[in-house]
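There are 6 protein chains.
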Amino acid sequence: MSSTEKGRALSEELNPGMEAALEARYGHLLPGMAEGIVDFAYGRQYARPGLPLRDRYVATIASLTALGGQTAPQLKVNIAGARKAGLTQEEIAEVIWQMALYGGFPSAINGLNTALEVFAEEESQE
Amino acid sequence: MSSTEKGRALSEELNPGMEAALEARYGHLLPGMAEGIVDFAYGRQYARPGLPLRDRYVATIASLTALGGQTAPQLKVNIAGARKAGLTQEEIAEVIWQMALYGGFPSAINGLNTALEVFAEEESQE
Amino acid sequence: MSSTEKGRALSEELNPGMEAALEARYGHLLPGMAEGIVDFAYGRQYARPGLPLRDRYVATIASLTALGGQTAPQLKVNIAGARKAGLTQEEIAEVIWQMALYGGFPSAINGLNTALEVFAEEESQE
Amino acid sequence: MSSTEKGRALSEELNPGMEAALEARYGHLLPGMAEGIVDFAYGRQYARPGLPLRDRYVATIASLTALGGQTAPQLKVNIAGARKAGLTQEEIAEVIWQMALYGGFPSAINGLNTALEVFAEEESQE
Amino acid sequence: MSSTEKGRALSEELNPGMEAALEARYGHLLPGMAEGIVDFAYGRQYARPGLPLRDRYVATIASLTALGGQTAPQLKVNIAGARKAGLTQEEIAEVIWQMALYGGFPSAINGLNTALEVFAEEESQE
Amino acid sequence: MSSTEKGRALSEELNPGMEAALEARYGHLLPGMAEGIVDFAYGRQYARPGLPLRDRYVATIASLTALGGQTAPQLKVNIAGARKAGLTQEEIAEVIWQMALYGGFPSAINGLNTALEVFAEEESQE
Numbered sequence: 001m002s003s004t005e006k007g008r009a010l011s012e013e014l015n016p017g018m019e020a021a022l023e024a025r026y027g028h029l030l031p032g033m034a035e036g037i038v039d040f041a042y043g044r045q046y047a048r049p050g051l052p053l054r055d056r057y058v059a060t061i062a063s064l065t066a067l068g069g070q071t072a073p074q075l076k077v078n079i080a081g082a083r084k085a086g087l088t089q090e091e092i093a094e095v096i097w098q099m100a101l102y103g104g105f106p107s108a109i110n111g112l113n114t115a116l117e118v119f120a121e122e123e124s125q126e
Numbered sequence: 001m002s003s004t005e006k007g008r009a010l011s012e013e014l015n016p017g018m019e020a021a022l023e024a025r026y027g028h029l030l031p032g033m034a035e036g037i038v039d040f041a042y043g044r045q046y047a048r049p050g051l052p053l054r055d056r057y058v059a060t061i062a063s064l065t066a067l068g069g070q071t072a073p074q075l076k077v078n079i080a081g082a083r084k085a086g087l088t089q090e091e092i093a094e095v096i097w098q099m100a101l102y103g104g105f106p107s108a109i110n111g112l113n114t115a116l117e118v119f120a121e122e123e124s125q126e
Numbered sequence: 001m002s003s004t005e006k007g008r009a010l011s012e013e014l015n016p017g018m019e020a021a022l023e024a025r026y027g028h029l030l031p032g033m034a035e036g037i038v039d040f041a042y043g044r045q046y047a048r049p050g051l052p053l054r055d056r057y058v059a060t061i062a063s064l065t066a067l068g069g070q071t072a073p074q075l076k077v078n079i080a081g082a083r084k085a086g087l088t089q090e091e092i093a094e095v096i097w098q099m100a101l102y103g104g105f106p107s108a109i110n111g112l113n114t115a116l117e118v119f120a121e122e123e124s125q126e
Numbered sequence: 001m002s003s004t005e006k007g008r009a010l011s012e013e014l015n016p017g018m019e020a021a022l023e024a025r026y027g028h029l030l031p032g033m034a035e036g037i038v039d040f041a042y043g044r045q046y047a048r049p050g051l052p053l054r055d056r057y058v059a060t061i062a063s064l065t066a067l068g069g070q071t072a073p074q075l076k077v078n079i080a081g082a083r084k085a086g087l088t089q090e091e092i093a094e095v096i097w098q099m100a101l102y103g104g105f106p107s108a109i110n111g112l113n114t115a116l117e118v119f120a121e122e123e124s125q126e
Numbered sequence: 001m002s003s004t005e006k007g008r009a010l011s012e013e014l015n016p017g018m019e020a021a022l023e024a025r026y027g028h029l030l031p032g033m034a035e036g037i038v039d040f041a042y043g044r045q046y047a048r049p050g051l052p053l054r055d056r057y058v059a060t061i062a063s064l065t066a067l068g069g070q071t072a073p074q075l076k077v078n079i080a081g082a083r084k085a086g087l088t089q090e091e092i093a094e095v096i097w098q099m100a101l102y103g104g105f106p107s108a109i110n111g112l113n114t115a116l117e118v119f120a121e122e123e124s125q126e
Numbered sequence: 001m002s003s004t005e006k007g008r009a010l011s012e013e014l015n016p017g018m019e020a021a022l023e024a025r026y027g028h029l030l031p032g033m034a035e036g037i038v039d040f041a042y043g044r045q046y047a048r049p050g051l052p053l054r055d056r057y058v059a060t061i062a063s064l065t066a067l068g069g070q071t072a073p074q075l076k077v078n079i080a081g082a083r084k085a086g087l088t089q090e091e092i093a094e095v096i097w098q099m100a101l102y103g104g105f106p107s108a109i110n111g112l113n114t115a116l117e118v119f120a121e122e123e124s125q126e
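Line by line, the protein sequences are chains A, B, C, D, E and F. Take the first sequence: its position 124, counting from 1, is numbered 124 in full-length UniProt numbering, and each next residue is one higher. Take the second sequence: its position 89, counting from 1, is numbered 89 in full-length UniProt numbering, and each next residue is one higher. Take the third sequence: its position 89, counting from 1, is numbered 89 in full-length UniProt numbering, and each next residue is one higher. Take the fourth sequence: its position 29, counting from 1, is numbered 29 in full-length UniProt numbering, and each next residue is one higher. Take the fifth sequence: its position 113, counting from 1, is numbered 113 in full-length UniProt numbering, and each next residue is one higher. Take the sixth sequence: its position 80, counting from 1, is numbered 80 in full-length UniProt numbering, and each next residue is one higher.
So here's chain A without its partners, still in its complex pose (with noise of 0.2 Å):
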């Protein structure tokens, strides 16, 4: 299985439409954009079998927090991922406000903010 059909899977798995979707939108002005997504952001990363996906996104939350409020969007999407991946409503509070260490204060209680904002549609939903 090539990079780009593992990562198609992968992708189809957790964010089902999101190739799609980028094509759609970006695809104008930026031919084979989305491809080059699915095939290095899943199959050549998320994909890759040394770190079992849980960790992976904990890694990813941590990083989007500490790097600040200005990744919101990509934090929402990847803590609902995480959600799917089995860590639990605590365990992405604790990642996150572990990073008032990192990233300071302010980007913590940024991303805290976040996490709420997705528990919060999560719940709407049951």
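These aren't lab readings, by the way, just hints derived from the structure by calculation. Predicted, not measured: the structure shown is a model, and the values here were computed from it. In this text, a Cβ means the ideal position worked out from N, Cα and C, and glycines have one as well. Be a bit skeptical, because a hint or two may be false.
When the alpha-carbon atoms are kept at most 27 Å apart in a straight line, the in silico DSSO-like pairs for lysine-lysine are as follows [claimed, not checked]: (1) E:K76 with F:K76; (2) A:K76 with C:K76; (3) F:K6 with D:K6; (4) B:K6 with B:K84; (5) C:K76 with D:K76; (6) B:K76 with E:K76; (7) A:K76 with D:K76.
To give an idea of the chain B side of the interface with chain C (calculated C-beta under 8 Å), a few residues [said to hold, decoys possible]: (8) G32; (9) G36; (10) F40; (11) R44.
Model the placement of chains B, C, D, E and F on the given structure of chain A, informed by the hints.
Here is chains B, C, D, E and F on its own, set in the frame of chain A:
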């Protein structure tokens, strides 16, 4: 047990002598700073029960890598700590390399170089 | 007086009700987090005798501006706090504008816009 | 011609009315700030002969994208400026997307979204 | 030609031996990482037809400068690449100095110092 | 007195010989850059009457610390300047340590290490 006592126990386990070293280096300018780090970073963050220590190191290594090479000294300390907490060299490399997506390729490459330094020191100590 | 008590006294003076608000919002996910902020950020940092509160606000406003718009909510809170600690609107604007040199012109302009919001709220409350 | 005069000519060409708008908005707090921007950013930077304006916009869009979404207002202004300086929509998208490598994928995606907003406004004005 | 083949051709032209060096240095920990960089960074980014290579280097140098000194090793490599792609020393200095506006004066000065190192190496090789 | 003259007077007082050093180092690539720094950073920023020089140094040290170790050379220069402007070693340490809250603990520790270097040089010059 107070948060300071909990923090002291954990910091001595993970980084023996750290509190005394901080006090010796910074205490004349910033009285109480070493205890503050022990209480907050160790007692009120790393010692929290909600997330295993191993996951905390995944989060820390991810964020320090994404924040960039300026945190190389702290990244070194935490990679060494992560090894004690049970992460393999491969797992640590995976966490760092995943950061190419979030902190950019240069931050991931610089993080890997820091990890290689720590791994080389490990081998020279065997 | 313990660092938690010192922090509580200062946080209630500067941001009345903050600890209770943090506990209500985040406490179910992160027990003890609100007390940790009170103890560390207020009791072990802002309450330290080595620097007047006014200077601490200069430092905080400068850094939040330079770190960029992602910390706008925290910048608003601290500009309001700085006004209570005696900084004039002009002095606050000077601190922010100086950041053009260090955080770049966009961060300084964005910081000034945040300050104008706070100043407009002040006037509407008179 | 002084650097202020050169800057004023260029800023009026690229962003008509900008100096007056800055003076009206910030001048009561920061006298001379608008002229300082005109003199330095336009007269002593953008007006320098060593690099064509088109290349300067490539550099600006690249850096604002990589620095993250916090600079979105400035990115919008400069994408509009880049269009006037002759860059196509495709070229601008290429510059932004390349930043996935340096500022991370989230910053590139956020930058593309800002560009799409500018391009949509262009079309609504035709 | 696949994106990996296109990337390999371009990376060998711009940085001969890079893929083999990455494989030798990181391949034991991260199998496939070197190919991933060749495929994505070169084949799917730098080799895209939508923007000339010269402009891509302007964008890269701008962003690495603005992101700060932590990316100095990558800035060096890309300044050398930009010279091969036809940018003059003066043009490179202009791109870097313009970043004073966006990444702050320290990042611009640090970037210029990195450029001076590359230019000195050029002269010593003549 | 023009902003350039005001800036020159202040820069010569705070950093004697700086303009000539900048001109010698960068002037062949970037004619006028040294004067631009003198005019803007000193004449139009540090020389502004709205904030005492001492406060400006508090703001600068805070922001350079929070922005991270990549600005260490500039942090050194400004800590030395702050000492001349009347800040004690303890006050400077307090400003830097407070940044643990905003720029993260690593940036504060790295900033303190830079300060210790400056203080050691002071003592060796006595």
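Status of the hints after comparison with the structure:
1. E:K76 with F:K76: Holds, at about 24 Å.
2. A:K76 with C:K76: holds, 24 Å
3. F:K6 with D:K6: holds, 21 Å
4. B:K6 with B:K84: holds, 19 Å
5. C:K76 with D:K76: Holds: C:K76 and D:K76 sit about 24 Å apart, inside 27 Å.
6. B:K76 with E:K76: Measuring from Cα to Cα gives roughly 24 Å; hence the hint holds.
7. A:K76 with D:K76: holds, 24 Å
8. G32: Interface hint status for B:G32: holds (7 Å vs cutoff 8 Å).
9. G36: Nearest chain C Cβ about 4 Å off; hint holds.
10. F40: Interface hint status for B:F40: holds (4 Å vs cutoff 8 Å).
11. R44: holds, 4 Å
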